[in-house]
Amino acid sequence: MKEIISIFLKDSKEGKKELVEWFLNNVMEEEARIQLSSMPYERTEERKGYRNGSRTRKLKTVNGELELKKPKIREFPFETKVFDWYSRVEKAMDSVIFESYIQGVSTRNVKNIV
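Here the sequence shown is numbered in the numbering used here, starting from 1 and rising by one per residue.
By construction, these hints were calculated from the structure, which means they are not laboratory data.
Hints may be right or wrong, so weigh each one.
Computed cross-link-like contacts, BS3-like style, restricted to lysine-lysine with a CA-CA straight-line distance of at most 25 angstroms [said to hold, decoys possible]: (1) 58 x 72; (2) 13 x 58; (3) 13 x 70; (4) 48 x 72; (5) 69 x 2; (6) 81 x 60; (7) 60 x 13; (8) 69 x 48; (9) 58 x 16; (10) 81 x 48; (11) 16 x 2; (12) 70 x 58; (13) 58 x 10; (14) 13 x 69; (15) 70 x 2; (16) 69 x 16; (17) 72 x 60; (18) 16 x 81; (19) 2 x 13; (20) 48 x 70; (21) 10 x 60; (22) 60 x 16; (23) 81 x 70; (24) 69 x 58; (25) 70 x 60; (26) 2 x 58; (27) 58 x 81; (28) 16 x 70; (29) 69 x 81.
Nothing here was measured: the structure is a model prediction, and the numbers come from that model.
Whole structure, please, built from the sequences with the hints as guidance.
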């Protein structure tokens with residue numbers, strides 16, 4: 001955390017990017033713990049599966065391109081809200097704007113549609 005603070009003090013834009021990247025990586029780690037029903041290296045009866053490393057995934061945001069580590073689980077696919085919600089909204093928004101433009105909808109009506 002001290003490293004992120006020092007980066008922010010040098011360059012606030014890069015610091016925000018690092019902070020968001022750190023936060024989203026921690027969100028995905030917590031999601032993996034919840035889906036597995038156990039902490040890392042913990043042996044319990046409730047455990048649903050085992051971690052299988054992580055995969056680097058890029059995410060474009062207003063703060064810049066983030067490089068995130070998406071956890072992998074052996075027994076079932078890892079599900080996260082970090083990518084799904086962002087990509088659905090982004091694709092839907094692009095689709096609506098492009099379709100409105102093609103049909104010649106005025107900018108005032110596009111605002112209402114969006």
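Results for each hint:
no.: 1; hint: 58 x 72; result: 15 angstroms, holds
no.: 2; hint: 13 x 58; result: 18 angstroms, holds
no.: 3; hint: 13 x 70; result: 24 angstroms, holds
no.: 4; hint: 48 x 72; result: 13 angstroms, holds
no.: 5; hint: 69 x 2; result: 21 angstroms, holds
no.: 6; hint: 81 x 60; result: 15 angstroms, holds
no.: 7; hint: 60 x 13; result: 14 angstroms, holds
no.: 8; hint: 69 x 48; result: 21 angstroms, holds
no.: 9; hint: 58 x 16; result: 16 angstroms, holds
no.: 10; hint: 81 x 48; result: 20 angstroms, holds
no.: 11; hint: 16 x 2; result: 13 angstroms, holds
no.: 12; hint: 70 x 58; result: 10 angstroms, holds
no.: 13; hint: 58 x 10; result: 24 angstroms, holds
no.: 14; hint: 13 x 69; result: 21 angstroms, holds
no.: 15; hint: 70 x 2; result: 24 angstroms, holds
no.: 16; hint: 69 x 16; result: 18 angstroms, holds
no.: 17; hint: 72 x 60; result: 21 angstroms, holds
no.: 18; hint: 16 x 81; result: 20 angstroms, holds
no.: 19; hint: 2 x 13; result: 16 angstroms, holds
no.: 20; hint: 48 x 70; result: 18 angstroms, holds
no.: 21; hint: 10 x 60; result: 22 angstroms, holds
no.: 22; hint: 60 x 16; result: 14 angstroms, holds
no.: 23; hint: 81 x 70; result: 11 angstroms, holds
no.: 24; hint: 69 x 58; result: 9 angstroms, holds
no.: 25; hint: 70 x 60; result: 15 angstroms, holds
no.: 26; hint: 2 x 58; result: 24 angstroms, holds
no.: 27; hint: 58 x 81; result: 15 angstroms, holds
no.: 28; hint: 16 x 70; result: 20 angstroms, holds
no.: 29; hint: 69 x 81; result: 14 angstroms, holds
Hint violations for this structure: none, all hints satisfied.
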